[in-house]
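**Student:** Spelled out from the first residue to the last, the chains are:
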Amino acid sequence: MKCQNCQHDILPSDKFCPYCGVDVKQESEAAQQQEQNGSFVNTTAQSTQQKAETQAANEQAAPQTPPVQTPPVQTPPVQNPYVQSNNTNPYQQPQQNPYQQPQYQNNQYGQPVQNPYAGNVNQPVPPYGQKYISNVPYLIFAIISCLCCFFTCGLSLALSIPSIVYAVKIKNLQDIGDYEGAKSAARVCLILFIIAFAVGIIFTVLGTVLNISIFENGTSYSHSYPYSYYYN
Amino acid sequence: MKKKKQFTLPLRLTVTIAVVLLIAFGAVFLYNHNPTGANLVGSCLTNSLFGIYCPGCGLTRCLYSILHLDFYQAFRYNSAVFILLPVFAVYLAIRLIDWVVTGKNRIDRHIPTALFIVIFILVLIYGIVRNIPVYPFTLLIPTVV
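Protein sequence lines correspond, in order, to chains A and B.
One gets my numbering by counting positions in the first sequence from 1 and adding 3 to each.
One gets my numbering by counting positions in the second sequence from 1 and adding 183 to each.
Read the hints as simulated data drawn from the structure, not as lab findings.
None of the values given here were measured: they were computed from a predicted structure.
C-beta atoms are modelled at their ideal positions from N, C-alpha and C, and glycine is treated no differently.
Taking lysine to aspartate or glutamate pairs in the EDC-like style, the calculated list, with each CA pair at most 20 Å apart, reads:
(1) LYS134(A) - ASP17(A)
(2) LYS172(A) - ASP291(B)
(3) LYS18(A) - ASP181(A)
(4) LYS186(A) - ASP291(B)
(5) LYS172(A) - GLU183(A)
(6) LYS134(A) - ASP281(B)
The calculated label-pair distances, taken between Cβ atoms and stated as ranges, are:
(7) ALA297(B) - GLN7(A): 29 to 39 Å
(8) ALA297(B) - ILE194(A): 23 to 33 Å
(9) LEU192(B) - GLN10(A): 35 to 45 Å
(10) ASN288(B) - GLN10(A): 22 to 32 Å
(11) LEU193(A) - TYR255(B): 30 to 40 Å
(12) ILE198(A) - ASN314(B): 19 to 29 Å
(13) GLN7(A) - VAL203(B): 46 to 56 Å
(14) LEU305(B) - ILE198(A): 19 to 29 Å
(15) PRO319(B) - ASP178(A): 39 to 49 Å
Construct all of the structure, not just a fragment, from the sequences and the given hints.
**Tutor:** Okay, structure coming up:
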């Protein structure tokens, strides 16, 4: 299914287009109803004059698209009563929804704007009601777990590599539009960091106990300075 | 439609104060516990078992030296952490202030992902290089000045 406004691929279950914010349901329903109304008018119209009138009215209604700023109240009066009754219902007027207008496709500088409410043009718009997942904290988690490997016998160093891969994936998946995939990647990142940290705490306790016992034998901290350093 | 979590201003302030207090508590604890002495807080299994230096080796001693304003000693314990710590601290401070004031994240989108990948690779290289037992690289081993 494609959005009528911005031509992006969208899910059939979407009520609003995730790219430009257009009310998709409303648009398609309104289009259908207009078609039905048109046929209804055509069948009930008895004289050719009336037919001509409806056609004229339809033509008058159609060019309403370009003037964007006109609010629904200021619509020009339409002669045909059938068409008028159709037009007075505000829910059936997709033409007057300002968010569907092509002016939002390009701003005055000629750059494409996906969504007028998105702060940054480069940032993909997440589904309605969902937040954009930033991958910067997860990248920092990965670097921290790489640095904290001295607690975990090299385990967190090993975990930090898949962690940073998934952290990069979060952004890439969101750029494609796979929000659920990005969410699960973020979860994997967090789990890896928690494992690295939990194992780190266990190993710290273990290491403290072990190291003290090794310490008394004089073999610990063989690096950097002599054993006698501690007792000077 | 999913319900959105709402962080009001008092809640955000509370969380921020809690984070700052936690960091302050850790700093005070580390200030009073010398990790180089016999009363070790946490000791390294990797180093005692395999005899290698991880990229994070000397981190606790580095932080301890920074807290005691002994910056050259901190740099000799772990130069990677000594360089990265101010960067992450500034990032955390800006993020927290921005989050408290606006309730949004307006910082992260300006930071390129490639920067972190470069930092990660540099940290890994640092971890390898400090294990080479040749003169200029032996300077990277945590040493007492």
